[in-house]
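Trainee: If you want the building blocks of each chain, they are given just below.
Number of protein chains: 2
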Amino acid sequence: MPIDNSNMLKVIEDFPHQCKTALELTKGMSVSGKFNKIIVCGMGGSALGGDLLKIYMHKSKIPVFVVRDYKVPNFLDENTLVFAVSYSGNTEETLAAFEEAQKKNAKIVAVTSGGDLAYKSKRVIKIPSGLQPRAALGYTFFPVLGVLVNSNIIEVDNDEIQEMLDILSKTNEFKSAGENIAKKIKSRTPIIYSSDFLGTVAYRWKTQFNENSKSPAFYHTFSEMNHNEIAGYQTMGKDKFMSIFIRDKNDNERIKKRMDITKEIISSKVDVEEVFTKGEFLLSRIFSGIYYGDFASYYLALANRVDPTPVTVIENLKKKLK
Amino acid sequence: MPIDNSNMLKVIEDFPHQCKTALELTKGMSVSGKFNKIIVCGMGGSALGGDLLKIYMHKSKIPVFVVRDYKVPNFLDENTLVFAVSYSGNTEETLAAFEEAQKKNAKIVAVTSGGDLAYKSKRVIKIPSGLQPRAALGYTFFPVLGVLVNSNIIEVDNDEIQEMLDILSKTNEFKSAGENIAKKIKSRTPIIYSSDFLGTVAYRWKTQFNENSKSPAFYHTFSEMNHNEIAGYQTMGKDKFMSIFIRDKNDNERIKKRMDITKEIISSKVDVEEVFTKGEFLLSRIFSGIYYGDFASYYLALANRVDPTPVTVIENLKKKLK
Chain A
1 MPIDNSNMLK VIEDFPHQCK TALELTKGMS VSGKFNKIIV CGMGGSALGG DLLKIYMHKS
61 KIPVFVVRDY KVPNFLDENT LVFAVSYSGN TEETLAAFEE AQKKNAKIVA VTSGGDLAYK
121 SKRVIKIPSG LQPRAALGYT FFPVLGVLVN SNIIEVDNDE IQEMLDILSK TNEFKSAGEN
181 IAKKIKSRTP IIYSSDFLGT VAYRWKTQFN ENSKSPAFYH TFSEMNHNEI AGYQTMGKDK
241 FMSIFIRDKN DNERIKKRMD ITKEIISSKV DVEEVFTKGE FLLSRIFSGI YYGDFASYYL
301 ALANRVDPTP VTVIENLKKK LK
Chain B
1 MPIDNSNMLK VIEDFPHQCK TALELTKGMS VSGKFNKIIV CGMGGSALGG DLLKIYMHKS
61 KIPVFVVRDY KVPNFLDENT LVFAVSYSGN TEETLAAFEE AQKKNAKIVA VTSGGDLAYK
121 SKRVIKIPSG LQPRAALGYT FFPVLGVLVN SNIIEVDNDE IQEMLDILSK TNEFKSAGEN
181 IAKKIKSRTP IIYSSDFLGT VAYRWKTQFN ENSKSPAFYH TFSEMNHNEI AGYQTMGKDK
241 FMSIFIRDKN DNERIKKRMD ITKEIISSKV DVEEVFTKGE FLLSRIFSGI YYGDFASYYL
301 ALANRVDPTP VTVIENLKKK LK
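Here the protein sequences come in this chain order: A and B.
1 is the number of the first residue of the first sequence in our numbering; add one for each residue after it.
1 is the number of the first residue of the second sequence in our numbering; add one for each residue after it.
With the rest of the complex left out, here is chain A:
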């Protein structure tokens, strides 16, 4: 096992503990006001918590928008609750969006470990620094959830939190499953699929393969992929690509059937691997789905003989942008 200089494995193994710590960070912290929209501004790993919030709030009457851009939507107004999430606090897109939101008198909560964002914000949830942003998903998601619970905007059952922590704590199961998947991928490009509802889980796998494994990786969702992407398999081959389906017992019955039939159809063109989320509650199902992929991306990094932690190209790009 040659290259894991910054101990990404340890950080991934520590994820259940990170979630637990993150849940404590917003004790007693709330916002007042009547909101008819929630907007989460962020990029990369720091935007993912917003995507997860969108899934989690699917039963709410308040729509959630995730903005990965320099600009905020024109419908953002004083009845909008904005979370500006930047792990470093120096993400230029998020800072630009934050400033636009301020001008429009939105109520803004910043989630950051420091940087300009911490300096410029009135309401800051300070999260621990020293991690890669993508490795801090617990810190960028649960504080947002915490504030919304404290502000009576959503409810989260304690049993749900407990189930999630219990499931994630069985770290070795995820670890060995992830290692297994990485072995099967070999040097091929993984394409990850889930239901449209859990699309962010598939997107997380993709980005972890990109950043940790330095591998190309793509994603799409069911049933939309049945209307276009599936046709592309006609000219594909088992040497170049591999497909991974993330399945959830609460997937719509038609989506389940679509996944079964799609697997059957594309199996002559690619190897298909299936991963099943765990748990009864939504939080467990989301985070168990993600946790397999985190380990898979770690082991694919080792197989690719790259250090999972540094993303040198992204750092270089940022320098050139200055």
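Hints should not be assumed to be uniformly reliable.
Distance condition first, Cα-Cα at most 30 Å in a straight line; then the derived DSS-like pairs of lysine-lysine [to be verified]:
id	chain 1	residue 1	chain 2	residue 2
1	A	K54	B	K71
2	A	K34	B	K104
3	B	K322	A	K256
4	B	K54	A	K103
Derived by calculation from the structure, the hints in this document are not laboratory data.
Starting from the known structure of chain A, fit chain B onto it as the hints suggest.
Mentor: What follows is chain B alone, placed relative to chain A:
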């Protein structure tokens, strides 16, 4: 040139005329009511018009949502204007969403050439049948725009329409540029990028390569790709992938700089091709960006020796789903 049995080339060439016809379809047709949300339900090619509407309405105070699923969001209510778009009128996801929206007393306009959707809807915009849904983008987008203009929900300048028709009418420019791009792609997998704002244009290219060319194809947007996907280029090679940047003169200056630097960085790993949208107005820029890709996907089909029109695998899947 062996295989174009159903004359997809002619259908693509006819697109400016299709747009013109589509613009006439809703003369005098409007909806009454005060709406604070617009939801477009559809799948595949029939959902794309909704995505384009979202771009087009970026200055509006009314948010636009596109639903590619069996279910509608929980915040859909009687103040929501819903467009149910299904070219065939028999798309099961769209029909399910339509029925849910009906139960919630939303005002619904159906856009379809027939099928169950035409049968079940009170308000129908009937569009001409006989095309592949993806080839009917003019028919699925402009009638929606027309109803919104007639209902005083948005304004569209006549000069904007005229500029778009003038630009698209120079069909041969798009055709030869598209042919050129297809030649450069060869048997590699194209990855298409645009700004986040114009992301649907990049997605359209991807889906056209999937359906017309039967080729794998993927897409992502700037600057999000700078936060993850770019790291995957480390293990990529010029033999497998090729990247296409769709650029727009109104792209944010930082996005422009990011595209320049990204091109420089990834050029050692892939060939990068740039395509520039045309025109001053947004409609021209959107549809010129799309039109290049439509032709490119056609010529890539010929290079792949596949008939661009039938998507047999999608038809087979639908049969198995019954």
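Trainee: Check the structure against each numbered hint from earlier and tell me which ones fail, lowest number first.
Mentor: Of the numbered hints given earlier, the structure breaks none, since each of them holds.
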